[in-house]
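Respectively, the protein sequence lines represent chains E and W. Residue 590 is where the first sequence ends in the numbering used here, and the numbering goes up by one at each step. Residue 448 is where the second sequence ends in the numbering used here, and the numbering goes up by one at each step.
Calculated directly from the structure, the hints in this document are not laboratory data. Among the hints, erroneous ones may be present.
Simulated crosslink set (DSSO-like; lysine-lysine; CA at most 30 Å straight-line) [stated by the list, open to error]:
1. E:Lys447 x W:Lys112
2. E:Lys156 x E:Lys127
3. W:Lys17 x W:Lys112
4. E:Lys318 x W:Lys112
5. W:Lys17 x W:Lys243
6. W:Lys432 x W:Lys335
7. W:Lys112 x E:Lys421
8. E:Lys318 x W:Lys17
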Amino acid sequence: MMLAGLDVGGTYTDAVLLDPGKCLRIAAVKAPTRSGSVLPGIIEALEKLFGGREADPGKVRRLTVSSTLGLNALLTGNTEPVGVLALPGPGIDPGLFWGPDPLFRILPGAQDHRGRVTAEPDPRAVKDALLSLKKLGARAVAVVCKFSPKNPELEKRLAEEARKVFGPEVPVVLGSESGGSLNFPRRMHTAWCNAALHTASREFVQALHSAARKLGLSCPIQVLKADAGSFSSAAAARDPASTMGSGPAAGLLGVLAMAEWSGAGSATRSAALTDKIMLDMGGTSTDIALLAGGQPLLSDTGLNVNGRPTLIRTLWTKSIALGGDSSLRMDGETPRVGPDRSGPALSLHPEERGEDGRFSRPPTLTDALNTLGYTALGDVEISRAAFAQMIASDPAAARIAGGRPEAPAGIFLECALARIKEETLALLEEVGSRPVYTIRELLVEKKPAPENVIFIGGPAQSLRAELEKTLGLPVLAPEESPFANALGAALARPTKAAELYADTLLGRMTIPDFDLEKRVSSAYRLEDATEDMAAAFAGAFKKEAYSGEAPQVQTVFAESFAVLDPSGGRGRILRVRSQYAPGLDLGGDL
Amino acid sequence: MQTPDTNAPARAARGPKAANSLGLVFFPAFDWAISPTHPEREERLLYTRDQLREEGLFDVPGILEHRTEMAAMSDVSRVHFCPPGFEHVAETPHLASAGSAISAGRLVLEGKCAKAFALTRPPGHHAMKVVQGGRGFCAVNIEAIMIERLRRDFGVGRVAIVDTDCHHGDGSQDVYWHDPDTLFISIHQDGRTLYPGTGFPHEAGGPSAAGRTVNIPLPPRTGDEGFLYAADEIVRPLLDAWKPDLVINSAGQDNHFSDPITDMRLSAQGYARMVRSINPDIAVLEGGYSIQGALPYVNLAVILALAGMDFSRVIEPARREDLTATSPDCLAYIKRLRDSTLEHFEHPAPSSGYRREGGWFTRERDVYYDTDSIHEQQQERLRTCGNCPGLLVIRSRTHYGGWTTCIHVPRSACDACADAGEDAKREAERKKEAWEFSDQRRDVYLRR
Chain E
1 MMLAGLDVGG TYTDAVLLDP GKCLRIAAVK APTRSGSVLP GIIEALEKLF
51 GGREADPGKV RRLTVSSTLG LNALLTGNTE PVGVLALPGP GIDPGLFWGP
101 DPLFRILPGA QDHRGRVTAE PDPRAVKDAL LSLKKLGARA VAVVCKFSPK
151 NPELEKRLAE EARKVFGPEV PVVLGSESGG SLNFPRRMHT AWCNAALHTA
201 SREFVQALHS AARKLGLSCP IQVLKADAGS FSSAAAARDP ASTMGSGPAA
251 GLLGVLAMAE WSGAGSATRS AALTDKIMLD MGGTSTDIAL LAGGQPLLSD
301 TGLNVNGRPT LIRTLWTKSI ALGGDSSLRM DGETPRVGPD RSGPALSLHP
351 EERGEDGRFS RPPTLTDALN TLGYTALGDV EISRAAFAQM IASDPAAARI
401 AGGRPEAPAG IFLECALARI KEETLALLEE VGSRPVYTIR ELLVEKKPAP
451 ENVIFIGGPA QSLRAELEKT LGLPVLAPEE SPFANALGAA LARPTKAAEL
501 YADTLLGRMT IPDFDLEKRV SSAYRLEDAT EDMAAAFAGA FKKEAYSGEA
551 PQVQTVFAES FAVLDPSGGR GRILRVRSQY APGLDLGGDL
Chain W
1 MQTPDTNAPA RAARGPKAAN SLGLVFFPAF DWAISPTHPE REERLLYTRD
51 QLREEGLFDV PGILEHRTEM AAMSDVSRVH FCPPGFEHVA ETPHLASAGS
101 AISAGRLVLE GKCAKAFALT RPPGHHAMKV VQGGRGFCAV NIEAIMIERL
151 RRDFGVGRVA IVDTDCHHGD GSQDVYWHDP DTLFISIHQD GRTLYPGTGF
201 PHEAGGPSAA GRTVNIPLPP RTGDEGFLYA ADEIVRPLLD AWKPDLVINS
251 AGQDNHFSDP ITDMRLSAQG YARMVRSINP DIAVLEGGYS IQGALPYVNL
301 AVILALAGMD FSRVIEPARR EDLTATSPDC LAYIKRLRDS TLEHFEHPAP
351 SSGYRREGGW FTRERDVYYD TDSIHEQQQE RLRTCGNCPG LLVIRSRTHY
401 GGWTTCIHVP RSACDACADA GEDAKREAER KKEAWEFSDQ RRDVYLRR
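Take these sequences, add in the hints, and give me the full structure.
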């Protein structure tokens, strides 16, 4: 039983084949990523992967792809022009959430907070808007109405009009299909992304399938999402927005897998379910992510895509401007690390040293690590010389040195570690101080309590013990793999999140994430809702053509309100949010 | 795991901005009700929550939602006397609601935001100085608990409370009746036509704080124009003249034309313009029981007004011109009310209703607790003192309990009044009566 993972990076496209049950990597290959299209690199990597003898495509259970296709298309403007019909009704001017855009139209027609239609759309205005959008060159349409997750009726009516005007070839995306959470501006942007990427992603998925078939791969093809889970390629074609920002998710899963594999055994398996901090120190920044009960912690809001706030579920991370390239300088009497980047370590660029032996820029954190003997990157003597110059030219630096040339480097390192600690605690505080709306939560909700830290990035191995002292928590610095992202993609579990809304007075239940709607009676209760939700998940799981047992549906949130209508009617309003949680698929059973 | 900027802080990179940074403490107490069909029930802020979320409000830079904190029993005893014991009157929800107000106040005083709004329940403005039970859906006075905490922690001096709930804020009026440093202004539906039946212009403060209570009773069916006139032409000049350090708005949303238990005609637009005129530092939600037709829109409009954002598109679906109109007669009445109110504020009449007995102002009165059906009898004495507001002693009993002597040494009490407080305590001991003792100077609260 084997899993395949593929990660499209800026320079290389990596592919791995592994046996998760045995913690065994069977093959790993790299192919250059071509500019313009991600496909040739993917095909080359897959060909290399299955060129070897051990790699039998027939034994592969699943191929998961983490691709930058969607994001690249957005960044390069290589997308379809999208006409947007927005039906906001009363509230904040939706134009404020949108930049200047001739293809963005605000139309009359509204639904209220229970999804009731309170103002009918004006058919004439709808028709005129659609005709003008078509004339202006729109090649995709997004229709978004406020409170559409509670009732997609108006969106569906307008979508029908749009199809009449634009014809069947042009994609028409509904807001309610783009995320069931309540946030109209984010739903507009998410629907826009899905519409803009629709054609490109459909073509990509088709090409991916035909390439796989040629190689004899008949397994399901999954695409990685920003929430550190995967979904079927068919779902990715419909909802390409969710695949954006999958890179960091792949990385996090990959590191987690390396940490698991390096200490495989039952002890670590149970340790996998604890709360953890993940720190990744790069050249310009250090990224902090959290795992709660073994699951990557997801943001309450959603991914920011090229300035567009969306509903796309994504990791809750914090990025601080502190890395190996951060500049070190004295600010009066205070040593400062960053936030600006000085450039690569001076030790790597001896040629930058002037003829008088002087440096034109301050040393970096990496130079400090060199000086202290934690690393030996480039010419260590250059790093030492840079600090010597600082001591000679700055009386404040000389004072903290106190005659020991390596002392300032040590103090800068202490500052850097203290900053990491401060920001980590701030993130934990942020997570723990999320507003709560019930007395029960106010009294009992627990805050994350990390038991250890996984530390990766350039200086991780050498700084492990120092960070352990600073944070007062065990720090693991697992061996890193150049294939971590592909590994993470291969081991990603299928994820899905969905909201259910029911209003028994209106007799309506919707699960917009599955495009489900049904009539409900006044006897509909929370148990019925969770049952409907489980059935919807199971149905979708089957439809996505997975084999094996479906994962556990997790109810993230459930509420049931007794409702008294002003007219005297009594009923209930229910909301349930459920998910297949993200995490590592280590068992091998899917 | 190195993140591209697509994963940067999930805040809107484009979009509206709050001109005034606004902290929201939203605590809808979704698991608490007075009773299942009571207007003060779980569902009350459900639609408001959904509206605020759907608007994307919490993505607007400058608008930040904060978690509520719990008020401590010491925060409650700083404000109230409670002969039955706080544990029998103030339950967890009341402490959470008062805590929301405290959180909001701290956000402003700590400089974390320019303004704050505690969207919380249950409300509190009918809770008086002595609490024998629940009144008008309230148990403890959440604004007063916040104000006294802010005075202790941040040294806040002059505070103005502008109570715009449709019901007279008789609890807040009572708590600050003798406090010359707190200006209490209430705009409400005339007490002859609505609970609690008080709030007339002649109720203007106790003997040491004459003129510091200002009641502006508006006729039933006052609409947007009438309320705005009252805000612009009565409240605004009072605030400008008195120059408080802090303005608190007890924001009741029950003047709305669709409210089921009142008879006023204010719209969401009217509310927002009124709030903009009053310009409070901190707003605390009070009543408002048109939970579907009014609250989602009124609360949103008020938030946008506080944040200095455009609210012109917040128009409730049921709004019609004729439902929010103010009649010419009504407007003429409010104009006359302005003249007399401003005149009385400038030249307050001596407080009426008190007798002078041997160095004390005294009065007797009865208080009814409608939530719990309790009748209370009070004997109130205020020490006549030229140097401070004076020691306050209230003897209180209900139809089923004995007398309790409640002794209040005010913040700015002189030594003589503080000594008199000790005497009053000994006197109660001697008579073997229960007593409660509150010394705001030393922040000490005792009971026996």
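Violated hints, by number in ascending order, as checked against the structure: Hint 6 is the one this structure does not satisfy, whereas the remaining hints hold.
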